[in-house]
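Read top to bottom, the protein sequences are chains A and B.
Under my numbering, the first sequence has 149 at position 149, and the numbering climbs by one with no breaks.
Just remember that my numbering sits 603 ahead of the position in the second sequence, which is counted from 1.
Read the hints as simulated data drawn from the structure, not as lab findings.
Hints are supplied without guarantee of correctness; some may be wrong.
25 Å max Cα-Cα, derived DSS-like pairs, lysine-lysine [unchecked claim]:
hint, chain 1, residue 1, chain 2, residue 2
1, B, Lys773, B, Lys726
2, A, Lys321, B, Lys773
3, A, Lys321, B, Lys739
4, B, Lys739, B, Lys726
5, B, Lys773, B, Lys739
Restraint-style ranges between C-beta atoms, simulated for each label pair [what the hints assert, rightly or not]:
hint, chain 1, residue 1, chain 2, residue 2, range
6, A, Lys28, B, Tyr614, 18 to 28 Å
7, A, Ala426, B, Val777, 34 to 44 Å
8, B, Ser724, A, Leu278, 36 to 46 Å
Yeah, the Cβ is synthetic: ideal placement off N, Cα and C, and Gly gets one too.
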Amino acid sequence: MSAPGSATNALVFYATRSAGNAVRRRLKRLTEPRYLIGLAAGLAYVGLVLVRPGRPSARAAAAGPWPVEFLGVAQLAVAAILLLGTALLWIFRGSQASLSLSEGEAQFLFSAPLSRNAVVHFALVRSQLRVLSGVLIALLFSRPDSWTGLLRSALAGWIFFSVVNLHLLGVGFTKAAWAERPAGRRRATKVVVTLLALAALAFVVAAGTEALVRAAGAPAGRRGVSPVALEGAILTGTLGRPLFALLYPFRLLVAPLLAPGAGVFLRTLPGAVGLLVLHYVWVLGTNARFEDATLAGAARRAAERGRRERGNLPALPGERKRHAVPFRLAARGRPEVAIVWKNLAAWNRTALRSQLLGVAGLIAALFLAAALLRQPEADQIAGVVLVVLGVVGVILAPTIPAGLRNDLRGDLEQADVLKTWPVSPAALVVGEILAPLWITVLALFAGLGGALAVSAGRALRGAGGVAGPFGGLDALSGLVPVALAAVLFVPPFSLLLLLGQNAATLAFPAWFPPGQKRARGLEQFGIRLVAAVATVALLAIALLPSGLLVALVLLLGGKALGLWALPLSALLASLPVWAEAAAAVALLAKLWERFDPSLDLGA
Amino acid sequence: MIRVDGLVKAYRDLTAVDGLSFAVEPGQVLGLVGPNGAGKTTTLRCLAGILPPTAGRIEIAGFDLARNPVDAKRLLAFMPDEPRLFDYLTVADHLAFAARLYGVPDAAARSAALLSELELSGKERALPSELSRGMKQKLVIAFGLLHEPKVLIFDEPLTGIDPGGIRRMKQTIVGRARAGASVIVSSHLLHLVEEICDRVLILSKGRAVLSGTLEEIRAGAGDATLEDVFLRVTEPGA
Numbered sequence: 001m002s003a004p005g006s007a008t009n010a011l012v013f014y015a016t017r018s019a020g021n022a023v024r025r026r027l028k029r030l031t032e033p034r035y036l037i038g039l040a041a042g043l044a045y046v047g048l049v050l051v052r053p054g055r056p057s058a059r060a061a062a063a064g065p066w067p068v069e070f071l072g073v074a075q076l077a078v079a080a081i082l083l084l085g086t087a088l089l090w091i092f093r094g095s096q097a098s099l100s101l102s103e104g105e106a107q108f109l110f111s112a113p114l115s116r117n118a119v120v121h122f123a124l125v126r127s128q129l130r131v132l133s134g135v136l137i138a139l140l141f142s143r144p145d146s147w148t149g150l151l152r153s154a155l156a157g158w159i160f161f162s163v164v165n166l167h168l169l170g171v172g173f174t175k176a177a178w179a180e181r182p183a184g185r186r187r188a189t190k191v192v193v194t195l196l197a198l199a200a201l202a203f204v205v206a207a208g209t210e211a212l213v214r215a216a217g218a219p220a221g222r223r224g225v226s227p228v229a230l231e232g233a234i235l236t237g238t239l240g241r242p243l244f245a246l247l248y249p250f251r252l253l254v255a256p257l258l259a260p261g262a263g264v265f266l267r268t269l270p271g272a273v274g275l276l277v278l279h280y281v282w283v284l285g286t287n288a289r290f291e292d293a294t295l296a297g298a299a300r301r302a303a304e305r306g307r308r309e310r311g312n313l314p315a316l317p318g319e320r321k322r323h324a325v326p327f328r329l330a331a332r333g334r335p336e337v338a339i340v341w342k343n344l345a346a347w348n349r350t351a352l353r354s355q356l357l358g359v360a361g362l363i364a365a366l367f368l369a370a371a372l373l374r375q376p377e378a379d380q381i382a383g384v385v386l387v388v389l390g391v392v393g394v395i396l397a398p399t400i401p402a403g404l405r406n407d408l409r410g411d412l413e414q415a416d417v418l419k420t421w422p423v424s425p426a427a428l429v430v431g432e433i434l435a436p437l438w439i440t441v442l443a444l445f446a447g448l449g450g451a452l453a454v455s456a457g458r459a460l461r462g463a464g465g466v467a468g469p470f471g472g473l474d475a476l477s478g479l480v481p482v483a484l485a486a487v488l489f490v491p492p493f494s495l496l497l498l499l500g501q502n503a504a505t506l507a508f509p510a511w512f513p514p515g516q517k518r519a520r521g522l523e524q525f526g527i528r529l530v531a532a533v534a535t536v537a538l539l540a541i542a543l544l545p546s547g548l549l550v551a552l553v554l555l556l557g558g559k560a561l562g563l564w565a566l567p568l569s570a571l572l573a574s575l576p577v578w579a580e581a582a583a584a585v586a587l588l589a590k591l592w593e594r595f596d597p598s599l600d601l602g603a
Numbered sequence: 604m605i606r607v608d609g610l611v612k613a614y615r616d617l618t619a620v621d622g623l624s625f626a627v628e629p630g631q632v633l634g635l636v637g638p639n640g641a642g643k644t645t646t647l648r649c650l651a652g653i654l655p656p657t658a659g660r661i662e663i664a665g666f667d668l669a670r671n672p673v674d675a676k677r678l679l680a681f682m683p684d685e686p687r688l689f690d691y692l693t694v695a696d697h698l699a700f701a702a703r704l705y706g707v708p709d710a711a712a713r714s715a716a717l718l719s720e721l722e723l724s725g726k727e728r729a730l731p732s733e734l735s736r737g738m739k740q741k742l743v744i745a746f747g748l749l750h751e752p753k754v755l756i757f758d759e760p761l762t763g764i765d766p767g768g769i770r771r772m773k774q775t776i777v778g779r780a781r782a783g784a785s786v787i788v789s790s791h792l793l794h795l796v797e798e799i800c801d802r803v804l805i806l807s808k809g810r811a812v813l814s815g816t817l818e819e820i821r822a823g824a825g826d827a828t829l830e831d832v833f834l835r836v837t838e839p840g841a
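Based on the provided sequences and hints, a complete structural model is requested.
See the structure below:
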């Protein structure tokens, strides 16, 4: 490694070496089969499902090419929105001279013998590269029509978002520079800029209203006001020409993005590039002190990232909320209850009693609303609401806890702590699973209870006997057996799902990462894809005995029992699931006993 | 007491701890020292039940850690060098949680006394993110001491603690030993080891290279300091 010769060389060396090392690290990971398989799966998915240049998406194909007559109005509309946003930005944005640097970069760069401009250049150039990569990824997923179209859109998108990004930075820097002026001058500057921004806002609103009124007054075509007429109304109005002039820089920025073809794109590109250069020069030339704000911003981002990595759970509880606990935890009793308590507190610091009261209140309110509203439209809506509540409740009950990961998966990164607890492996597994199971039960009861309440409310005033929009399922007599079936089957199913996910993480922590970390990258996406397919396949096998029992009940007693065959089959179907869950607890306990954090987590 | 007999912890291409045997009697403080990578933390993690040993036997207060892990862990406390806490639990929550895990009978009184001893009074409602590193370390120690364990294992206990806190921490460690606990302190601070430990075990490359009371070690090395002895046995060329 040769020593860099100048500040610029040092920064280039840092940026390229960092990027190179990141790429090398990812390539090296591909020597592990899981990453290689993950990459293959990710590439296959992206290639087959998302990216197919030359084959427009179904939506694009249905919509056809962008109508040229819309372009003028669209350009004006986007430009006007940008102007409104800019005006609001100048009014409300605080003085934030914060560069997008990490904590480490800020520490090294600020203490290095580098000029101010060198540091700002570095931060700006790198943020533009990030914008470009973001735009490219977004475009890939938007199924471009052709590769040249993709490149055009990428360039226009990069310029657009870079200018927006630089403008945000420029306003923050400029306002920070104002803060260093004498108080009187600072206030005067703020007043003048705010008045100008307000005037621009008022002008755009007035011109837009005038144009809409004029367009509405004009003879309408077969399909209402045409875009050409609207554009004409804007341009020929009293305020039209000044508005057109006011929007000029914004139109410059938007033009390449909305260009219908390569010719227009090339003609409009220089204007947008000029705007980008002007913004770059503006930010670079703003003499604001950025060190403090950058360090504070970097620390904030690092803390947020750390928190996201440790737990994608609700925000940390505020001062007042901290007094509440799920339930009073007595010092004596089964130790695994402490784990349930901890996991419930991490999810929601509300007493369980209050949670139940909340659900009961919701159910009571729905019952009263359904019982008291007598209009036929309201009744129709109530019929839809109750079915939606029931369906959503049943769907959310297993999916919320599966996604929250406030169980062994979330705690596994603290394996060093968990391993020292005087709790048997089976008790620890049960303790870790009970909190998410409570969430399942609560969601299920909220959904089904709400549906039953609406149905009961309707039945109370005599609407229940009439078949609703769902062929009788929304009537109380139809809903009760369905709800009972869900109550019998969803909790064990959710339990099995949770146990399966936890077992997967314990057995294959490399494939199913513990904690809340969401590693990025195509190979990680592919790994998750493969893992999801494997999970579904295993779940299907696990549910096979239940499926056979359900089929048997429906075959033998379906006709005789009607809808009441559902709770009976759910009861029978739940038996093998409970048995499998018990076996899964034993398996998880064994896995936990053998779990070696130094080998399995590399800790 | 702590009894370790032929402890081995091996990975695919590395033996981190290689046939280690020692004992710590009640009331004793053992200083575990060694250069980086000597196997100190691996040894402590095996003793705490975090890592399963490849071979050997560990006995904690009369319980075989492999056969009766729950009984052994009930009498044990491990204070790691890096404080690991739960983001969503306050200081008071952590102690309530520990009280239930270990079945502490007079938890409220013990918690208050510990918070006072470790200068955490007034921080009961604080979350870990609102505590300094030193305070987090103290909370971990309060969590570990609440159930009055018979075996205490400290890994670099003074990291991030201010001078006043260091003095009180030393008093806490020695006080627990005087009350009958078996204590192991792993540290690179050899003056701390000389000050509070009765016995010293020097590890190098996973093996015990020297062990004994401070007097025995000094006498054997011609009244040299622990630092001299340490460098002599771990870096023979130094």
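Notebook entry, point to check: Which of the listed hints are not met by the structure?
Noted result: 2, 8
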